[in-house]
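Residue numbers (our numbering), protein chains in the order written: chain A, 555 to 806; chain B, 10 to 235; chain C, 10 to 235; chain D, 11 to 80; chain E, 938 to 1131; chain F, 938 to 1131.
Please keep in mind that the hints were generated in silico from the structure rather than gathered at the bench.
Don't be surprised by glycine CBs; every beta carbon is placed ideally from N, CA and C.
You may find that some hints are simply not true.
Computed footprint of chain C on chain B, listed as stretches where at least three residues anywhere in the stretch have a Cβ under 8 Å from a Cβ of chain C [what the hints assert, rightly or not]:
| hint | region |
| --- | --- |
| 1 | 67-73 |
| 2 | 77-88 |
| 3 | 108-122 |
| 4 | 183-196 |
| 5 | 205-217 |
With a Cα cut of at most 27 Å, we get these calculated DSS-like pairs of lysine-lysine [unchecked claim]:
| hint | chain 1 | residue 1 | chain 2 | residue 2 |
| --- | --- | --- | --- | --- |
| 6 | A | K562 | A | K637 |
| 7 | E | K1056 | A | K637 |
| 8 | A | K798 | A | K637 |
| 9 | C | K32 | F | K1056 |
| 10 | A | K562 | A | K798 |
| 11 | E | K1056 | F | K1056 |
| 12 | A | K637 | F | K995 |
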Amino acid sequence: MYKYASPKNFYALAGRLIPWLGAVTLILFILGLYLGLFVAPPDYQQGDSYRIMFIHVPAAWMSMFVYMIMAGAGLVGLVWNIKLADILASTSAPIGASFTLIALVTGSLWGKPMWGTYWVWDARLTSELILFFLYIGFIALQAAIDEPRRSARAGALLALVGVVNIPIIHYSVNWWNTLHQPASISSLNKIGNPTIYPTMLHPLLIMALAFNLYYFTVVLMRMRGEILARERHTGWVTEIVRAKSTSQGLQQ
Amino acid sequence: MSQNLLSTARCVFQRDLILAARKPADVATPLVFFAIVTSLFPLGVGPEPAVLRILAPGVLWVAALLSTMLSLGRLFASDHADGTLEQLTLSPHPLTILVFAKIAAHWVTSGLLLVVLSPILAIQMHLPTQAMGTLIITLLLATPVLSLLGSVGAALTLGVRGGGVLVSLLVLPLYTPILIFGAGAVTASATGLDTEAYLSLLGAFLVLALGFAPWATAAALRISLD
Amino acid sequence: MSQNLLSTARCVFQRDLILAARKPADVATPLVFFAIVTSLFPLGVGPEPAVLRILAPGVLWVAALLSTMLSLGRLFASDHADGTLEQLTLSPHPLTILVFAKIAAHWVTSGLLLVVLSPILAIQMHLPTQAMGTLIITLLLATPVLSLLGSVGAALTLGVRGGGVLVSLLVLPLYTPILIFGAGAVTASATGLDTEAYLSLLGAFLVLALGFAPWATAAALRISLD
Amino acid sequence: MNWHTFFAMGGYAVYVWSAYGFAMLVLLWNLVSALRKRAAVLRMLRELSVADQGNGTAGRPAPMSEVRTE
Amino acid sequence: ARGDRPLFQELSFALAPGEMVHVQGANGSGKTTLLRTACGLSQPAAGEVRWDGISIHKLSDEYREKLCYVGHTNGIQGDLSAVENLRFGTCVGGAGSHAEISTALEQVGLTRVARLPAKLLSQGQKRRLALARLFVLARPLWVLDEPFTALDVRFCGVMNERLAAHLAQGGLVLITSHQELPLTAGGRRISLDH
Amino acid sequence: ARGDRPLFQELSFALAPGEMVHVQGANGSGKTTLLRTACGLSQPAAGEVRWDGISIHKLSDEYREKLCYVGHTNGIQGDLSAVENLRFGTCVGGAGSHAEISTALEQVGLTRVARLPAKLLSQGQKRRLALARLFVLARPLWVLDEPFTALDVRFCGVMNERLAAHLAQGGLVLITSHQELPLTAGGRRISLDH
Ligand code: HEM
Ligand SMILES: Nc1ncnc2c1ncn2[C@@H]1O[C@H](COP(=O)(O)OP(=O)(O)OP(=O)(O)O)[C@@H](O)[C@H]1O
Ligand SMILES: Nc1ncnc2c1ncn2[C@@H]1O[C@H](COP(=O)(O)OP(=O)(O)OP(=O)(O)O)[C@@H](O)[C@H]1O
Ligand SMILES: [Mg+2]
Ligand SMILES: [Mg+2]
Chain A
555 MYKYASPKNF
565 YALAGRLIPW
575 LGAVTLILFI
585 LGLYLGLFVA
595 PPDYQQGDSY
605 RIMFIHVPAA
615 WMSMFVYMIM
625 AGAGLVGLVW
635 NIKLADILAS
645 TSAPIGASFT
655 LIALVTGSLW
665 GKPMWGTYWV
675 WDARLTSELI
685 LFFLYIGFIA
695 LQAAIDEPRR
705 SARAGALLAL
715 VGVVNIPIIH
725 YSVNWWNTLH
735 QPASISSLNK
745 IGNPTIYPTM
755 LHPLLIMALA
765 FNLYYFTVVL
775 MRMRGEILAR
785 ERHTGWVTEI
795 VRAKSTSQGL
805 QQ
Chain B
10 MSQNLLSTAR
20 CVFQRDLILA
30 ARKPADVATP
40 LVFFAIVTSL
50 FPLGVGPEPA
60 VLRILAPGVL
70 WVAALLSTML
80 SLGRLFASDH
90 ADGTLEQLTL
100 SPHPLTILVF
110 AKIAAHWVTS
120 GLLLVVLSPI
130 LAIQMHLPTQ
140 AMGTLIITLL
150 LATPVLSLLG
160 SVGAALTLGV
170 RGGGVLVSLL
180 VLPLYTPILI
190 FGAGAVTASA
200 TGLDTEAYLS
210 LLGAFLVLAL
220 GFAPWATAAA
230 LRISLD
Chain C
10 MSQNLLSTAR
20 CVFQRDLILA
30 ARKPADVATP
40 LVFFAIVTSL
50 FPLGVGPEPA
60 VLRILAPGVL
70 WVAALLSTML
80 SLGRLFASDH
90 ADGTLEQLTL
100 SPHPLTILVF
110 AKIAAHWVTS
120 GLLLVVLSPI
130 LAIQMHLPTQ
140 AMGTLIITLL
150 LATPVLSLLG
160 SVGAALTLGV
170 RGGGVLVSLL
180 VLPLYTPILI
190 FGAGAVTASA
200 TGLDTEAYLS
210 LLGAFLVLAL
220 GFAPWATAAA
230 LRISLD
Chain D
11 MNWHTFFAMG
21 GYAVYVWSAY
31 GFAMLVLLWN
41 LVSALRKRAA
51 VLRMLRELSV
61 ADQGNGTAGR
71 PAPMSEVRTE
Chain E
938 ARGDRPLFQE
948 LSFALAPGEM
958 VHVQGANGSG
968 KTTLLRTACG
978 LSQPAAGEVR
988 WDGISIHKLS
998 DEYREKLCYV
1008 GHTNGIQGDL
1018 SAVENLRFGT
1028 CVGGAGSHAE
1038 ISTALEQVGL
1048 TRVARLPAKL
1058 LSQGQKRRLA
1068 LARLFVLARP
1078 LWVLDEPFTA
1088 LDVRFCGVMN
1098 ERLAAHLAQG
1108 GLVLITSHQE
1118 LPLTAGGRRI
1128 SLDH
Chain F
938 ARGDRPLFQE
948 LSFALAPGEM
958 VHVQGANGSG
968 KTTLLRTACG
978 LSQPAAGEVR
988 WDGISIHKLS
998 DEYREKLCYV
1008 GHTNGIQGDL
1018 SAVENLRFGT
1028 CVGGAGSHAE
1038 ISTALEQVGL
1048 TRVARLPAKL
1058 LSQGQKRRLA
1068 LARLFVLARP
1078 LWVLDEPFTA
1088 LDVRFCGVMN
1098 ERLAAHLAQG
1108 GLVLITSHQE
1118 LPLTAGGRRI
1128 SLDH
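Whenever a hint applies, use it, and build me the whole structure from the sequences.
This is how it looks when you write it as structure tokens:
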């Protein structure tokens, strides 16, 4: 297992894993969507609008999960300075940001029919928004630094500071929100966590799993690209390049 | 001369756009700043839509002002540090035009994008939908003025330490009329009043700034380089 | 070594104070920015005291956040540009302490002065007088945290183009808890509620930041210099 | 249930479908950009190797920033 | 004058075609200041700079068409590649085809790093890039402030040849350098030390 | 390695007391990078730097007590006077009485401008101020990156004498310069050109 810490081997391993992961992800998506859109009955309160939950909630969960992975990888990269960890962190960021964005957009699209407005400064929403800003900050910082190692280490440090702060932020946002409790929110808390039936729970869990695998598939793909870019002066990469170009030559 | 004035101006303009494209983060950051600042207010003031609705125009406009102001650093600072500005001044072409090209590029990469982003934030601030149109139009009219006026400040504070903040000191007062009429227009249309007068005034500001600012900026640049 | 750690730290601290004294403008500008931003709101929102009274805590606090953030540029940028920072890193003394001295100097020349200025602006915003004390105390507790957290961002964005705005992007989200409790405390005391909990929480933040931030900043500096 | 009622989503069609649509777009974009990124790297490396054979100089790889921007 | 201290007084000299003036002086004697004044970047406290007998402030544009200045700072934008930098620098000057530019990069030996963001170039590489402008914009008057800073020995040689060539074509050169210059025909020294 | 490109590989050398190593190489060959690594400012991609056989990352503080680095940048704050700059620079290093400082300024011939804000100093004056640190903090190991940049001929001479003296006292010097150095006893050259 340890030998896969070397970029070369990891590149190969990832190459072999991706097709399988992708296939399973696709199947889970189809299954989850089928159960969620066709099988699950309308909600007695929210009608069909609750079906947004099947993407909203997994996205929201993933948005936090990915940040944790990012910070973890950052720490590993910082302490043991393992290239792969750095690459994992930097490639995870855009995906995590995407999940956060999905959670925000689908959430507010859900909010319109539920609360009659696209946005409410509810605690969960607010902390999700802040999480989005944290992601953007991480991405912007890494984009602003050209030297790969510095950008990786700076990003890692930032992610760690973020992780320390996220609980504080979450807690304080909740406090702030319970302080002034507008009518719309209290009604959400009823609607927000409906007594959930198995017919609704199963597709939710399947979609959550699908989102999870999707993340791993895409992050592996991104990592391969990044590995090539960073290792490009090494022998094995030039090998790959030559192989590619010759194959191309044959095609022409 | 083997090239005419316009092509040179275009090359300055393009070059700044290329630089912006090289560093999308630089362009994105003032926008995100815009978003963050707007989102800070509910945290400070409380989430009640009723209150936020009153605040919305003011907050959005102040945030727009601030983020434009922060993006001013990009305008000349780095060119000054690395001596590009000296080369611009030594160009056989009139500096005013080259400066204008730079300002235009700056607006495209800051003000214009603010306009695009504003509706989303307006929704977050529960701005009434009928005011949305006015918000966009006023921003379209006013953001160029912000860039133009700002450029004068940026040029004056070149190479001055703490220039970044100093700029804000110089330009924010100049921005106040725009803020007043811009926010005024939005509030008016939010309360269903007529916005003609506001808009025409903002237009007048724009014309004024177009005629006056590039020239002033060029002068300021020569001064800061001496 | 002919000098002990403390005297070196003091010499760093004094040097930054001297520099600040040399450039009073640098020190003044964030303050004026603070003042301007707060005064912009009545312009944007309208002068009704009733409305302003509700806004006052939020606006004052957001303005304080922003102006601290703008003053962060002063913290390391120039030292980095001219190579002083390399010399600090190569000092035989632990960088964390030297950094702490710099942060302290920064707070004295930014946060502390904000506290002094705030009552005047509070009056402008029609903040009820019984809330005035709380405003000052919360600012006294919180502004050091702002400087401490900010220093990490400033160190990370050293020498990065567009750093000025980037900092805000990195630190503003981290500032939200402080904003919430700070503004919350003021609102509470304005409405005659108890502020114990808020203050103790802000105190806790301060302790956390004191223990954690200088170390993180030192690490960030080493990274940025590599 | 027939397709029409299905797409109607009990009157919530706009919200539900735009939500699903948006999510799908974002996920697809991630996928595509990942693919394009790796393709771009390979293309650039190929160009470089060709260029080196061209002028016979030892291969100096292009900077990250060029790889990043695509 | 810098600050309120006059740096050089009753200093006066003329440049004829094919002539090179090498301004010398201790650190702080005012070489840079003199050169910037000669370009019209700084206003002289007293006296004036003339080109063909006309004050350069009268014929601002025409004068600037004649002149190419390379100062202490290189005028290089770190986030643009070497090529882009040179293209911009020359196009602002009002000249420079792609061919000319690539040949110039060839001449300063930067072809291999031409696509590297300029900020990654080393001190001397940056300096070379700045000097490349001279070769693209073929201007009669060259004003060079310490052109040899951070240049390695080999390229100093190249640079000297270029200077000689330029003079041979009847160009004018106003230069400061702490290193000795191989003073070719028409070379002249001015010292600012008192 | 800079960026992701190794600059120099299997490069290895040792410095004995009284020895000076003159790192040479074309622009961009990695001299600055090498020196910064030797100071511990940059981490080497591979290999390590040792002092008395111990990795400098283990004995971080003790090593930094032995070393004085003068790089491309002067470490001078433009708004402080020359004196204040030097006092700060040395006190951070952990030494420097008023007497020592004023003598050092004497030695680099800046007494006249000592009270001028450093930003008004010329290139070379700034450089001298940076070098003055060496004389105040009497450290065994000097790491100098292009110390002669912008120095006038006279002071280059002075500097060379100081170097010789330092070596004579058993000091160590790691230096880059494009100018030839009068290699005294124990002088050695390393070239980074391949
Ligand atoms: C912009 C709008 C919204 C955002 C940013 C948002 C954010 C989130 C987040 C972060 C979570 C994960 C919470 C956790 O796992 O602890 C979540 C879960 C959830 N959200 Fe939303 N939400 C939004 C709107 C809505 C709306 C309008 C509804 C329903 C009317 C809703 C219903 C739910 C439900 C049922 C869950 C799963 C239950 C749970 O995990 O606690 N959300 N949302
Ligand atoms: N803005 C200024 N205000 C006051 N004095 C200045 C200013 N700029 C430079 N000086 C002083 O003018 C003198 C000449 O500076 P200048 O840079 O021309 O010297 P120089 O001959 O170029 O020296 P070097 O060979 O080191 O470049 C210096 O003593 C410097 O201290
Ligand atoms: N941050 C960086 N990322 C990538 N490459 C870099 C970076 N910094 C420097 N380089 C490259 O490393 C090489 C060595 O740079 P360095 O400054 O050490 O050269 P040098 O020997 O000091 O040259 P000079 O004599 O001109 O100072 C140069 O080719 C430069 O382009
Ligand atoms: Mg000079
Ligand atoms: Mg160097």
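A quick look at each hint next to the structure:
no. : hint              : verdict
1   : 67-73             : holds (count 4)
2   : 77-88             : holds (count 5)
3   : 108-122           : violated (count 0)
4   : 183-196           : holds (count 5)
5   : 205-217           : violated (count 0)
6   : K562/A / K637/A   : holds (11 Å)
7   : K1056/E / K637/A  : holds (24 Å)
8   : K798/A / K637/A   : holds (25 Å)
9   : K32/C / K1056/F   : holds (13 Å)
10  : K562/A / K798/A   : holds (16 Å)
11  : K1056/E / K1056/F : holds (24 Å)
12  : K637/A / K995/F   : holds (23 Å)
In this structure, the hints that do not hold are numbers 3, 5, in rising order.
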